[in-house]
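J.: One-letter residues, chain by chain:
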Amino acid sequence: MNDKSKNITLGELASIIKGEAVGDIGYVVAGACSIENPVEHHITFAVDPGGVVELDKAKAQVAFIVGEKIQGVSIPMIVHKNPRLGFTLALRHFHPETSGTGKIHPSAVISESATINPTADVGPNAVIEAGARIGAGSIIGAGCYMGENSVIGENTRLYPNVTVMHDVAIGSGCIFHPGVVIGGDGFGFEATSDGNIKMPQVGRVEIGDNVEVGANTTIDRATLDATVISDDVKLDNLVQIAHNVKIGSHTRIAAQAGLSGRAVIGENVVIAGQAGFNNGVKVGDNSVVGGRAGVVGDIRAGTMVSGYPAREHGKSQRVIAATMRLPKLMEKVERLEKELAELVADIKNKTASKI
Amino acid sequence: MNDKSKNITLGELASIIKGEAVGDIGYVVAGACSIENPVEHHITFAVDPGGVVELDKAKAQVAFIVGEKIQGVSIPMIVHKNPRLGFTLALRHFHPETSGTGKIHPSAVISESATINPTADVGPNAVIEAGARIGAGSIIGAGCYMGENSVIGENTRLYPNVTVMHDVAIGSGCIFHPGVVIGGDGFGFEATSDGNIKMPQVGRVEIGDNVEVGANTTIDRATLDATVISDDVKLDNLVQIAHNVKIGSHTRIAAQAGLSGRAVIGENVVIAGQAGFNNGVKVGDNSVVGGRAGVVGDIRAGTMVSGYPAREHGKSQRVIAATMRLPKLMEKVERLEKELAELVADIKNKTASKI
Amino acid sequence: MNDKSKNITLGELASIIKGEAVGDIGYVVAGACSIENPVEHHITFAVDPGGVVELDKAKAQVAFIVGEKIQGVSIPMIVHKNPRLGFTLALRHFHPETSGTGKIHPSAVISESATINPTADVGPNAVIEAGARIGAGSIIGAGCYMGENSVIGENTRLYPNVTVMHDVAIGSGCIFHPGVVIGGDGFGFEATSDGNIKMPQVGRVEIGDNVEVGANTTIDRATLDATVISDDVKLDNLVQIAHNVKIGSHTRIAAQAGLSGRAVIGENVVIAGQAGFNNGVKVGDNSVVGGRAGVVGDIRAGTMVSGYPAREHGKSQRVIAATMRLPKLMEKVERLEKELAELVADIKNKTASKI
Numbered sequence: 571m572n573d574k575s576k577n578i579t580l581g582e583l584a585s586i587i588k589g590e591a592v593g594d595i596g597y598v599v600a601g602a603c604s605i606e607n608p609v610e611h612h613i614t615f616a617v618d619p620g621g622v623v624e625l626d627k628a629k630a631q632v633a634f635i636v637g638e639k640i641q642g643v644s645i646p647m648i649v650h651k652n653p654r655l656g657f658t659l660a661l662r663h664f665h666p667e668t669s670g671t672g673k674i675h676p677s678a679v680i681s682e683s684a685t686i687n688p689t690a691d692v693g694p695n696a697v698i699e700a701g702a703r704i705g706a707g708s709i710i711g712a713g714c715y716m717g718e719n720s721v722i723g724e725n726t727r728l729y730p731n732v733t734v735m736h737d738v739a740i741g742s743g744c745i746f747h748p749g750v751v752i753g754g755d756g757f758g759f760e761a762t763s764d765g766n767i768k769m770p771q772v773g774r775v776e777i778g779d780n781v782e783v784g785a786n787t788t789i790d791r792a793t794l795d796a797t798v799i800s801d802d803v804k805l806d807n808l809v810q811i812a813h814n815v816k817i818g819s820h821t822r823i824a825a826q827a828g829l830s831g832r833a834v835i836g837e838n839v840v841i842a843g844q845a846g847f848n849n850g851v852k853v854g855d856n857s858v859v860g861g862r863a864g865v866v867g868d869i870r871a872g873t874m875v876s877g878y879p880a881r882e883h884g885k886s887q888r889v890i891a892a893t894m895r896l897p898k899l900m901e902k903v904e905r906l907e908k909e910l911a912e913l914v915a916d917i918k919n920k921t922a923s924k925i
Numbered sequence: 571m572n573d574k575s576k577n578i579t580l581g582e583l584a585s586i587i588k589g590e591a592v593g594d595i596g597y598v599v600a601g602a603c604s605i606e607n608p609v610e611h612h613i614t615f616a617v618d619p620g621g622v623v624e625l626d627k628a629k630a631q632v633a634f635i636v637g638e639k640i641q642g643v644s645i646p647m648i649v650h651k652n653p654r655l656g657f658t659l660a661l662r663h664f665h666p667e668t669s670g671t672g673k674i675h676p677s678a679v680i681s682e683s684a685t686i687n688p689t690a691d692v693g694p695n696a697v698i699e700a701g702a703r704i705g706a707g708s709i710i711g712a713g714c715y716m717g718e719n720s721v722i723g724e725n726t727r728l729y730p731n732v733t734v735m736h737d738v739a740i741g742s743g744c745i746f747h748p749g750v751v752i753g754g755d756g757f758g759f760e761a762t763s764d765g766n767i768k769m770p771q772v773g774r775v776e777i778g779d780n781v782e783v784g785a786n787t788t789i790d791r792a793t794l795d796a797t798v799i800s801d802d803v804k805l806d807n808l809v810q811i812a813h814n815v816k817i818g819s820h821t822r823i824a825a826q827a828g829l830s831g832r833a834v835i836g837e838n839v840v841i842a843g844q845a846g847f848n849n850g851v852k853v854g855d856n857s858v859v860g861g862r863a864g865v866v867g868d869i870r871a872g873t874m875v876s877g878y879p880a881r882e883h884g885k886s887q888r889v890i891a892a893t894m895r896l897p898k899l900m901e902k903v904e905r906l907e908k909e910l911a912e913l914v915a916d917i918k919n920k921t922a923s924k925i
Numbered sequence: 571m572n573d574k575s576k577n578i579t580l581g582e583l584a585s586i587i588k589g590e591a592v593g594d595i596g597y598v599v600a601g602a603c604s605i606e607n608p609v610e611h612h613i614t615f616a617v618d619p620g621g622v623v624e625l626d627k628a629k630a631q632v633a634f635i636v637g638e639k640i641q642g643v644s645i646p647m648i649v650h651k652n653p654r655l656g657f658t659l660a661l662r663h664f665h666p667e668t669s670g671t672g673k674i675h676p677s678a679v680i681s682e683s684a685t686i687n688p689t690a691d692v693g694p695n696a697v698i699e700a701g702a703r704i705g706a707g708s709i710i711g712a713g714c715y716m717g718e719n720s721v722i723g724e725n726t727r728l729y730p731n732v733t734v735m736h737d738v739a740i741g742s743g744c745i746f747h748p749g750v751v752i753g754g755d756g757f758g759f760e761a762t763s764d765g766n767i768k769m770p771q772v773g774r775v776e777i778g779d780n781v782e783v784g785a786n787t788t789i790d791r792a793t794l795d796a797t798v799i800s801d802d803v804k805l806d807n808l809v810q811i812a813h814n815v816k817i818g819s820h821t822r823i824a825a826q827a828g829l830s831g832r833a834v835i836g837e838n839v840v841i842a843g844q845a846g847f848n849n850g851v852k853v854g855d856n857s858v859v860g861g862r863a864g865v866v867g868d869i870r871a872g873t874m875v876s877g878y879p880a881r882e883h884g885k886s887q888r889v890i891a892a893t894m895r896l897p898k899l900m901e902k903v904e905r906l907e908k909e910l911a912e913l914v915a916d917i918k919n920k921t922a923s924k925i
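As you go down the protein sequences, you meet chains V, L and A in turn. If you use this note's numbering, the first sequence corresponds to residues 571 to 925, in order. If you use this note's numbering, the second sequence corresponds to residues 571 to 925, in order. If you use this note's numbering, the third sequence corresponds to residues 571 to 925, in order.
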């Protein structure tokens, strides 16, 4: 996957990732690897020095990004205040994102009224409906569908088999993994004696820039107005975003979490896997929602919550800990009850014996 | 999205939605909007009068569907016993469902032995296998797959990229959102010393009329016989329906809920998001299952359950409330234990001092 | 679905499934059916004798696979030590798996540098990218996508609309249901003051032989190195497998379960529906994880766990049982508190009265 054109010296790489090279600054780095599977002339990272010392002893031909200079080793290193970020930047050097170059596959079915920038790619068997617009450098994968009047900005990538329904607007620099569905109808019905009457879902979906959406995640259109995913939001796989949800910038949501209709999530929120959110709940900025948490009410900004129903994490942990000691507590209460009864009986006996 | 041909007077709209126009019955209504984003000459709805009074004061050019006539305002209104239903019907007037008109895209791959009604549409790159049948007015979206001997009734719509496997029967008036998979194999294996032996899944899926299925939901075929989704069932996104499940009419199931094999759900049941059901459980008619509930045993008709394991909702709430007070209960028991011990010691001392 | 060429005598079928025919060994068996819907000259199975006796009385033209010979009935039977396994094998006789025969649909888009075995099938509108390889007898369904350098072994079947991304290696005898996505990016970002920086996901996915994956399940590629699904693993629908997860042979995972990054699951593990696993947890061989369990720490081999947080199943059940009695426990503690206070007051009074 690496080609020689990406080869770089340790010193050059340090400069790119804003770290400081230590040792042989002319050492050639050809790619990035994991610490478990070191590859010759590749770079990896370590948050503690143990692995570095070990590979140095083994004279492994590998370089490291580390948080602090490690004494007594001769292995090439780049010191970076955040080694994981440094490694991310190194990976980005060796694996840069690609953009479209104007390749339209002849099997793609493209409406005459669609507007496709001359540098955008459209893959085999993709379908682009009337009025759709695709910006410069964007890549529409094989088998993707873009509905009427859907819009995609610049350098956005739809991997294969993504479905974007009508009147969905997507920004620039986004990534959508296979199987994602954007703009399906929200779930809205009125129960009547004649059965369920569907409330037409006639709103839109608005997705900002630099948004990434994982495989098979679903984002419903709004009933009216718009479902809004702000800039730099990252959604993992199999996430459910219901109608009229709003998600603030930079928020990250892990796999299989589900947001019910009209939930409003702030900026910089972190939501762990399988968490669930009731209709209309509001989650403040910079909050953290634990895995499998069930959020049934609003969450104040800057709070960490967990459990079901979700509450402040410390309290939730104390309740869980207490729950685990519950069988013992029950025994203790039984014992107390017995002891008290015995004491009462004892006192009664003594009182009786005095009479 | 609205065109002028849908323009209607307040009086005409009141008649369509079976409400009563109040004020200027000749007021022209051009569409429906939300109360948060009123659009000129559009109609919205309100369940309480506050918003109506406010927009009346602001002289907003908007009409309202309300539950009761609001005094002292001149804004055009329709009084409807259920404003939300009234608004749903108004939305349906402005956004009627469409039917096929016989458009077969040349890129569709259609078996010679498939039977497609002359008024049905088949979109680009759709694949229709041998023996499949599609009824009048139905619309098969781009990239859809219909397996051998699959059947679709009239005026049913498959949005793009829906997969219907062989021997699946679907009724009329249904809607399937993108990414839905119907008729994948049930999950059945016999564990042996030679590994897992797959039990062939040779049953069918039978789906009634007016069923709606959300994006990326999966409905497995039966091991033998049929998985049955009755008329007017509504499934949200990312729902799992396992082999041989049966769901009664009018039941609604929210996103990410999962029904294990052979679960039997009654009629008019409401199941909230992320709920789970064990193999073979039976849920009676008119029950309500709360969000994230874990149903491990049968549920009587007309019951509301919640929690894990799911039990009657009131009990479940009491248990949760009690759980939250558990750390304090533990302190109280500690204190009682100490007080009792002191009392016992005290009595012993007094007795001793008397001797 | 059955054709006469599969007709077989009871004696022959007994020999195929390694059971013992009882009664009319020349009885013709034409297929397999359920006990609820007996079909003439078909075979079903029973784990208890009640149903057999009933159908025998009704003179049903049906045969049975049973665990022990049932006395006093004349219905044709095969005795098998595991009737369910016997029935599975009978089903496999009547519904054998099919293999490719070299059918390449003209609408498929196949790179010149892809290598497709002459006996493999490629369905309509499938897309096979450069360097992809498909082994003998494998079947690539309609609308499937195989990315660059993806590899599929022999007799593996991709049902329609499966997405296999680049550098994914899949073994022989596997089955992938519609909507499956293999090789989407893992969810990895570094939060910085400039927003989330994507960590490129440059690893692979390695899938062994005889693996089955349910509809709309997602398996992410590794950040570095490989996400590994070993031989004979069975995944149900809508399961999430994150980057760098490793799953041991023969393990079965039910619908909507989710494994976070770097989780390591042993061999022969059974995981029930909607269970969740934290990053990096290790689950030992032969463990059982209950439905909706939340696994937050390592699980020893051979353990059955349930609940959230997941703990040994017996303990978990005792805690749940205790939780349900918690409101009563609270009342009891209130009573004890009152009784103790009364006793203390009583003693004080008596002491006072003596003075």
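Among the hints, a few may not be true.
In this list, chains with the same sequence are indistinguishable; a pair is considered to hold if it fits within one copy or across any two.
Once the Cα atoms are required to be at most 20 Å apart in a straight line, the calculated SDA-like pairs of lysine to any residue come out as [what the hints assert, rightly or not]:
{"id": "1", "residue 1": "K902", "residue 2": "E912"}
{"id": "2", "residue 1": "K639", "residue 2": "L655"}
{"id": "3", "residue 1": "K918", "residue 2": "I586"}
{"id": "4", "residue 1": "K588", "residue 2": "K908"}
{"id": "5", "residue 1": "K885", "residue 2": "L910"}
Bear in mind the hints are in silico, worked out from the structure with no lab data behind them.
J.: Does each hint fit the structure? Answer for all of them.
T.: Verification of the supplied hints:
no. : hint         : in the structure
1   : K902 to E912 : both (15 Å within a copy, 17 Å between copies)
2   : K639 to L655 : within (17 Å within a copy, 61 Å between copies)
3   : K918 to I586 : neither (86 Å within a copy, 80 Å between copies)
4   : K588 to K908 : neither (70 Å within a copy, 62 Å between copies)
5   : K885 to L910 : neither (32 Å within a copy, 29 Å between copies)
In this structure, the hints that do not hold are numbers 3, 4, 5, in rising order.
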